[in-house]
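Visitor: The listed protein sequences correspond, in order, to chains V, H, P and A. With the numbering used here applied, the first sequence covers 8 to 352. With the numbering used here applied, the second sequence covers 8 to 352. With the numbering used here applied, the third sequence covers 8 to 352. With the numbering used here applied, the fourth sequence covers 8 to 352.
Hints should not be assumed to be uniformly reliable.
[Stated by the list, open to error] Quick list of simulated restraints, FRET-style, between CB atoms:
id, chain 1, residue 1, chain 2, residue 2, range
1, V, Asp261, P, Asn116, 35 to 43 Å
2, V, Pro42, P, Glu302, 55 to 63 Å
3, H, Lys90, P, Pro42, 42 to 50 Å
4, A, Asp338, H, Arg25, 36 to 44 Å
[What the hints assert, rightly or not] If you want the footprint, here are the derived chain A segments under chain V, 3+ residues with CB under 8 Å:
id, stretch
5, 205–218
6, 234–242
[Unchecked claim] Think about it this way: if two alpha-carbon atoms lie no more than 30 Å apart in a straight line, the pair counts; the simulated DSSO-like pairs of lysine-lysine are:
id, chain 1, residue 1, chain 2, residue 2
7, H, Lys90, V, Lys320
8, A, Lys231, H, Lys90
9, V, Lys90, V, Lys160
10, A, Lys226, V, Lys231
11, V, Lys320, P, Lys231
12, P, Lys90, A, Lys320
13, A, Lys160, A, Lys50
14, A, Lys320, A, Lys276
15, H, Lys231, P, Lys320
16, P, Lys320, V, Lys231
17, V, Lys90, H, Lys90
No lab work stands behind these hints, which were simulated from the structure alone. None of the values given here were measured: they were computed from a predicted structure. Quick reminder that beta carbons are idealized off the backbone N, C-alpha and C, glycines included.
One-letter residues, chain by chain:
Protein chains: 4
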Amino acid sequence: MVSFESDYIAGAHPDILRRLAETNLEPLPGYGSDPYCERAKQKIRDCVGLPEAEVAFLAGGTQTNAVVISTLLSDWEGVLAAKTGHISSHEAGAIEYTGHEVLELPQRNGKIDPEDLRAYLTAYFADENHEHMTFPGMVYLSHPTEYGTLYSKAELQGISEICRQYSLPLYMDGARLAYGLMSRETDLSLREIAELCDVFYIGGTKVGALCGEAVVFTKGNMPKHFLTSVKKRGALLAKGRLLGVQFDALFTDDLYFRIGQHAIDMAEKLKQILAARGLPLSVQSPTNQQFVILENRQMEQLRDRIVFSFWEKYDETHTVVRFATGWSTTDSDLQALDDALSSLS
Amino acid sequence: MVSFESDYIAGAHPDILRRLAETNLEPLPGYGSDPYCERAKQKIRDCVGLPEAEVAFLAGGTQTNAVVISTLLSDWEGVLAAKTGHISSHEAGAIEYTGHEVLELPQRNGKIDPEDLRAYLTAYFADENHEHMTFPGMVYLSHPTEYGTLYSKAELQGISEICRQYSLPLYMDGARLAYGLMSRETDLSLREIAELCDVFYIGGTKVGALCGEAVVFTKGNMPKHFLTSVKKRGALLAKGRLLGVQFDALFTDDLYFRIGQHAIDMAEKLKQILAARGLPLSVQSPTNQQFVILENRQMEQLRDRIVFSFWEKYDETHTVVRFATGWSTTDSDLQALDDALSSLS
Amino acid sequence: MVSFESDYIAGAHPDILRRLAETNLEPLPGYGSDPYCERAKQKIRDCVGLPEAEVAFLAGGTQTNAVVISTLLSDWEGVLAAKTGHISSHEAGAIEYTGHEVLELPQRNGKIDPEDLRAYLTAYFADENHEHMTFPGMVYLSHPTEYGTLYSKAELQGISEICRQYSLPLYMDGARLAYGLMSRETDLSLREIAELCDVFYIGGTKVGALCGEAVVFTKGNMPKHFLTSVKKRGALLAKGRLLGVQFDALFTDDLYFRIGQHAIDMAEKLKQILAARGLPLSVQSPTNQQFVILENRQMEQLRDRIVFSFWEKYDETHTVVRFATGWSTTDSDLQALDDALSSLS
Amino acid sequence: MVSFESDYIAGAHPDILRRLAETNLEPLPGYGSDPYCERAKQKIRDCVGLPEAEVAFLAGGTQTNAVVISTLLSDWEGVLAAKTGHISSHEAGAIEYTGHEVLELPQRNGKIDPEDLRAYLTAYFADENHEHMTFPGMVYLSHPTEYGTLYSKAELQGISEICRQYSLPLYMDGARLAYGLMSRETDLSLREIAELCDVFYIGGTKVGALCGEAVVFTKGNMPKHFLTSVKKRGALLAKGRLLGVQFDALFTDDLYFRIGQHAIDMAEKLKQILAARGLPLSVQSPTNQQFVILENRQMEQLRDRIVFSFWEKYDETHTVVRFATGWSTTDSDLQALDDALSSLS
């Protein structure tokens, strides 16, 4: 059955799989100390334009968020995030499991508004009892957000400036970063993101890898003895090559960006199909996830032919569902969707 | 200087101090296994009308919340609380430190509205991805709330009914319970609270004790090996008698209720003084905490003569401050306040 | 350079890699709900002879230990392990990170002696203050151990019997289980292990997979809402297929056992080479890891031609080093080692 | 019944209780910001001879150990302690609950031997895989130890020197410090302890207070935002005065030392009584705890007249029991014990 369920429905991009096969027999040291990890790190440093950046590979997004946030925060600190941020709502309490609070900010289209951030910080430090409250210790945002939306350069600059004023590290969850970078509506480049953030990760799992995320510490701020902290959290892969080879491939011949471009192209066609069928979107997303409001009856009919994912109830008779494109989405997938939509009664 | 800073500005009620002195030389076993602890537990069981209830003593409120919540929740669960609940906002992340998330509900006058609770639970279980989200595992409320407000019997019944429908323990933070019970505007008795809640605590620190809170597990639901879990959290006092003797005194000759009554009487007089001076309240509180909106200039003047506490900024030129009464508040304290208010320019 | 550094120096066994490629384009649901995970679970259930067993896949060994132990223990409990157990000494405190203590037992050739276990439990429960001490809540052992040694059937039965007497789950870390099962000196079958243990894992990372361990809960004792607990620990892979396809391959046509057999055959030849060169072993290991005592001078010479791993200092002039065989070890690797040893001066 | 069960069988020393009563009505700010806390801190700074030392008050010993250790350790670190150290064996896993490992050293009469410490550290850093193991991050010792024994000046200097060489904070658990300082066999003064340790606590609970321990950070090394970390751990008392007034009393007119002296004098008499009755000690303790080997039959007889505490089984027919003296022990208590011993059959 044709699937738009997520951007992780398929295995690895063929170029990645090929490199795994080509390097498979080489005996390599473990735990990320192999030359492919080193080479991938160098390519990422070059690509983000920061020769001194430190890069680390982890297996998945929730793991990466928990490791990065818990190693960067001090004991008395929590992390600020939009109420709809992945760490706030969809990680089963993974941040709290590390002993730290997620301090929720309002969301606007899935984003933090710089003014809301400033207001929070101003109120916090104006409170004479603030030592009895969790200190804000870093800012988390996702780009694209959980709603597929993007920060503009001005918005990210605004947030970054406030973070520096308050000495708060700014952390970007880039699980789907490629789709933000290649969106037709973005004015933010990877180099600008690297400059404005203190740490961010370049998502692999949702951009063609079997698994893997590349964390970039941009300011010489990788936590001390990070390997030990990663091990302590059960997040250190013995065959670190699995991550190194994949990211080496992703950052060879612009594969990461080509995957992003393909998914965006498919998403734009998807939007046209949805618009032509008169199906309303619940949010304007310029990236690879599209959120559509379906009548419950239509939704049930469509489920027989197309895989998509439940997002949230809209009202008693409507539901918001998500269609995602990815490296493996084809024109014939889109055609099948269009056909299925045409036959809805 | 006359102080309305909090309900814990003074030491112990004289009756409590006297009992500590009278029993001081008796050699007693440690860790809460002494006869005073046993006697106090029995008096509390009698008073709440539950002969089978299990009672445990802890030293302070944040500690009690962390111990109770973390031992009652399962691994995959978090605790629901109003956004303004003490555990949400003023315990420096003590619940998260135990590895559990606080799931925030809207607050209305500091309270959880039963409808908001029901809406949350309905939406949670309707979400097809809810296994990726923290399960709601118990409901926390404070009575009186952080704003001095009280649940009506109908409201508490409503919440309790929803909790039972969803098999969620209902936990009441009774740090200031005496002031709720003796309020002129409550329709809830201690026995009704014990019936409607699965666990609650009877606060001592803020009701005349040097320290100490009495947790009541009403349904045979004290966590297994609770003493060991308390010890593991650093919360087991060697001289458990310190808590036992104090609660034995508090539940002898209705001392707990007399302290509550006195503070309420003083608070009612305080409200009259404030009203006579035309000072607006930021919330209508029927208990021992009163929240007054002062001009910043007035506030600074008053600070020279009276101790009170900052609550929150109201606007650029006004601040909400708190006046609290307690067992040690006297008519002459109120007179001093009235005098000080009269001389504000 | 020829490497005996570990049993995870190479990528995946070719049969595994082939299956990853063959299934790569299939659109599949995430988080382990795909048919390959289901099929692999069924094959494992069949293979261990427990139709009702519950199986879960995780990415690595330390992660698996932390997830299993922390979800099975109660709050007041710790896990008993040999002092040399992986969780005691080589996981950077991953168990303690979950809030639980590792209670150390003496080790004998890397193993727990049933009598030491019984003595510990007897003394613990005889101690009148034991409620102030961590309760023993489960027993952890590794098979093969960190020293390559194996439990006999009688030893495992002895430990299992004590565990059942005290209602302690018995957990076997099978990171290298294949090498234990195919050892020429074992009298324990996989079905017997499944019968005697309450939970164990079948290691993939060190037996030909890119990553992945299969946890088997043998007694209907998988923790409730395990997926959520896994997610909360950052251990849930979005592309669960990566684990399902690999274990499906490992349990097709006895691949898991053939890999084990090959590594054992290579290890036996390795032992002959070492013996012929008069190199003493620090421990008699019937599995794929061999621990050799080298003069420091020899060790440095050998390092120019062969990769192996440091184990521990033996004395001022000698070091224990480890040679490991695996699915990718070849006769020519052994020849190269023999040549290199022959030229040591 | 006459009791030697512990040094916390009685309430507060009368001088402490008197001061609590005298200050009871004073309105004071909370959370340790009152003048009695400040005064007590100053007296302690003077007494330990470190004008710049930072002092904090906590309620109990296990709590203090957990708070101090978890706020001083970095994420990747654990704490070294003797196998018989209180944190290793009798705190129900309180350190592990904070996410940190206790790294056990051998014990000799309850003490860490400097050579064992050096050997551990040498081996740890010589291990090429040590980044996969918990880093040793501080050294914990108790003085007196759990067996009543004392470090000599040379021993403490030896340990302190190693700690400084490896940049490890040295932390002394002084739950019974007064009895060490006033022992007839010590050559260590309080000022020397303050000089040699990086942090230590002066125990109050076991030296005449109702509760309370005073932590002394000797080198400007109090963790940043310590109050917030204390709050986060549920360890912040609202009525901080309870601790301040008690320590102010303990450090007025040498009360702390006089209590120690009295208990030591009583313990010396106790030793004479035991020796005269031919009862063997299991360890030579120069402090207020005496460990006596009793025949089980004698033990049962004695229990009818005297309260003491079980320590450990000695053999099938003998048990080690503990007699402790304290501020409230009287000559008539000793006479009652002697009488009871005389009548054992």
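Visitor: Take the hints in turn and mark each one as holding or not.
Guide: Hint check:
1. At about 54 Å, the beta-carbon gap between Asp261/V and Asn116/P misses the expected band of 35 to 43 Å.
2. Hint check: Pro42/V to Glu302/P, Cβ distance near 31 Å, so the stated range 55 to 63 Å is violated.
3. The hinted range of 42 to 50 Å is satisfied by Lys90/H and Pro42/P, whose Cβ atoms lie roughly 43 Å apart.
4. In this structure the supplied range 36 to 44 Å is violated for Asp338/A paired with Arg25/H, their Cβ-Cβ distance being about 29 Å.
5. Residues of the stretch 205–218 of chain A with a Cβ under 8 Å from some Cβ of chain V number 0, which does not satisfy the need for three, so the listed coverage is violated.
6. Check on the stretch 234–242 of chain A: 5 of its residues sit with their Cβ under 8 Å from a Cβ of chain V, so the three-residue criterion for coverage holds.
7. Proximity of Lys90/H to Lys320/V is assessed by CA-CA distance (about 24 Å); at most 30 Å being required, the pair is judged to hold.
8. The hinted pair formed by Lys231/A and Lys90/H meets the criterion: a straight-line CA distance of about 28 Å does not exceed 30 Å.
9. Restraint check for Lys90/V and Lys160/V: satisfied, since their Cα atoms lie roughly 22 Å apart, inside the 30 Å limit.
10. With a CA separation close to 23 Å, the supplied pair Lys226/A and Lys231/V stays within the 30 Å bound.
11. With a C-alpha separation of about 27 Å, the suggested pairing of Lys320/V with Lys231/P holds against the 30 Å cut-off.
12. Between Lys90/P and Lys320/A, the direct Cα distance comes to roughly 24 Å. Compliance with the 30 Å bound is thereby established for this hinted pair.
13. Under the criterion of a C-alpha separation no larger than 30 Å, the hint pairing Lys160/A with Lys50/A is consistent with the structure, at around 24 Å.
14. A C-alpha spacing of about 25 Å is found between Lys320/A and Lys276/A, which places the hinted pair at or below 30 Å, so the restraint holds.
15. At roughly 46 Å between alpha-carbon atoms, Lys231/H and Lys320/P are farther apart than 30 Å, so this suggested pair is violated.
16. In summary, the hint linking Lys320/P to Lys231/V is supported, as the alpha carbons are separated by about 27 Å, within the 30 Å threshold.
17. A distance of roughly 12 Å separates the Cα atoms of Lys90/V and Lys90/H; the hinted pair therefore holds under the 30 Å criterion.
This entry does not satisfy hints 1, 2, 4, 5 and 15, going by the numbered hints stated previously.
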